[in-house]
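> Read off the chains here:
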Amino acid sequence: KNQVEQSPQSLIILEGKNCTLQCNYTVSPFSNLRWYKQDTGRGPVSLTIMTFSENTKSNGRYTATLDADTKQSSLHITASQLSDSASYICVVTTGTASKLTFGTGTRLQVTL
Amino acid sequence: NAGVTQTPKFQVLKTGQSMTLQCAQDMNHNSMYWYRQDPGMGLRLIYYSASEGTTDKGEVPNGYNVSRLNKREFSLRLESAAPSQTSVYFCASTPGQGNYQPQHFGDGTRLSIL
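Protein chains in written order, with the working numbering: chain A, 1 to 112; chain B, 1001 to 1114.
Hints are supplied without guarantee of correctness; some may be wrong.
As the list claims (entries may be wrong) - 30 angstroms max Cα-Cα, derived DSS-like pairs, lysine-lysine:
| hint | chain 1 | residue 1 | chain 2 | residue 2 |
| --- | --- | --- | --- | --- |
| 1 | B | Lys1057 | B | Lys1071 |
| 2 | B | Lys1014 | B | Lys1057 |
| 3 | A | Lys17 | A | Lys99 |
| 4 | A | Lys99 | B | Lys1009 |
| 5 | B | Lys1057 | B | Lys1009 |
| 6 | A | Lys1 | A | Lys17 |
| 7 | A | Lys71 | A | Lys99 |
| 8 | A | Lys71 | B | Lys1014 |
| 9 | B | Lys1009 | B | Lys1071 |
| 10 | A | Lys1 | B | Lys1057 |
| 11 | B | Lys1071 | A | Lys99 |
| 12 | A | Lys57 | A | Lys99 |
| 13 | A | Lys1 | A | Lys71 |
| 14 | B | Lys1057 | A | Lys99 |
| 15 | A | Lys99 | A | Lys1 |
Claimed, not checked - Just some of the chain B residues that point at chain A, by a computed CB distance under 7 angstroms:
| hint | residue |
| --- | --- |
| 16 | Pro1008 |
| 17 | Phe1010 |
| 18 | Pro1039 |
| 19 | Thr1094 |
Keep in mind that the hints were calculated from the coordinates and are not lab data.
Each residue gets a CB set at the ideal place from its N, CA and C atoms; glycine is no exception.
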């Protein structure tokens, strides 16, 4: 069964600090891996999409890495801001745009 | 630019009642999707429409029906609501079925079945 596991489940950091979120997947066949940001009460918003040949992709202060050999990905947030408080969801695509396996997310809280 | 619009935002139903959740996108996308999001679980696909005039079952279609009314609109119907259908429902769209296309989500409908 295709699975996407994220850690930690939740995280609290001080504003200005960096953090890294983890994603492990057992999905086959692999097409691409996505990270989404979901603010409370809102729908998910795409941050990055990476194919197996892309090791790193950045979107502003967000940098995603992918190791297709170990089936691991991470999302690094630099110089966190209060507005980064949200759930971050790792998603793996196995084929067409309808074949997505979603992780349960990491809930990040950035405090003063 | 509104993107994906879902109505209503909140709804409370009694067991056995029926309801239609509405979704419309203004990005001229061909493909649309309905997901449900439950605590402790990842989003799960209920139904999708790869293009106007087609619909297909996703991972959890039981208890639901869909209608692709036109290119813009994709509705989800609960014929006889059950407490197990209490969830947050998200509609999404993509330009097509290419696997590198990000999904654009609406802000959800929060549905409680009593």
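> Could you run down the list of hints and mark each one as holding or not?
For each hint, the structure was consulted:
1. B:Lys1057 / B:Lys1071: 18 angstroms, holds
2. B:Lys1014 / B:Lys1057: Holds - the C-alpha atoms of Lys1057 (chain B) and Lys1014 (chain B) are around 25 angstroms apart, at most 30 angstroms.
3. A:Lys17 / A:Lys99: Measuring from Cα to Cα gives roughly 35 angstroms; hence the hint is violated.
4. A:Lys99 / B:Lys1009: 26 angstroms, holds
5. B:Lys1057 / B:Lys1009: 24 angstroms, holds
6. A:Lys1 / A:Lys17: Distance ~36 angstroms between Lys1 (chain A) and Lys17 (chain A) Cα, so the pair is violated.
7. A:Lys71 / A:Lys99: 18 angstroms, holds
8. A:Lys71 / B:Lys1014: 44 angstroms, violated
9. B:Lys1009 / B:Lys1071: Given that 30 angstroms is the threshold and the Cα spacing comes to 22 angstroms, the pair holds.
10. A:Lys1 / B:Lys1057: 18 angstroms, holds
11. B:Lys1071 / A:Lys99: Distance ~21 angstroms between Lys1071 (chain B) and Lys99 (chain A) Cα, so the pair holds.
12. A:Lys57 / A:Lys99: 22 angstroms, holds
13. A:Lys1 / A:Lys71: Given that 30 angstroms is the threshold and the Cα spacing comes to 15 angstroms, the pair holds.
14. B:Lys1057 / A:Lys99: The given pair, whose Cα atoms are some 12 angstroms apart, holds under the 30 angstroms limit.
15. A:Lys99 / A:Lys1: 13 angstroms, holds
16. Pro1008: Given a least distance of 14 angstroms, the restraint on Pro1008 (chain B) is violated.
17. Phe1010: 10 angstroms, violated
18. Pro1039: 9 angstroms, violated
19. Thr1094: Holds. Min distance 5 angstroms.
Violation of the numbered hints given earlier is confined to hints 3, 6, 8, 16, 17 and 18; the remaining hints are satisfied by the structure.
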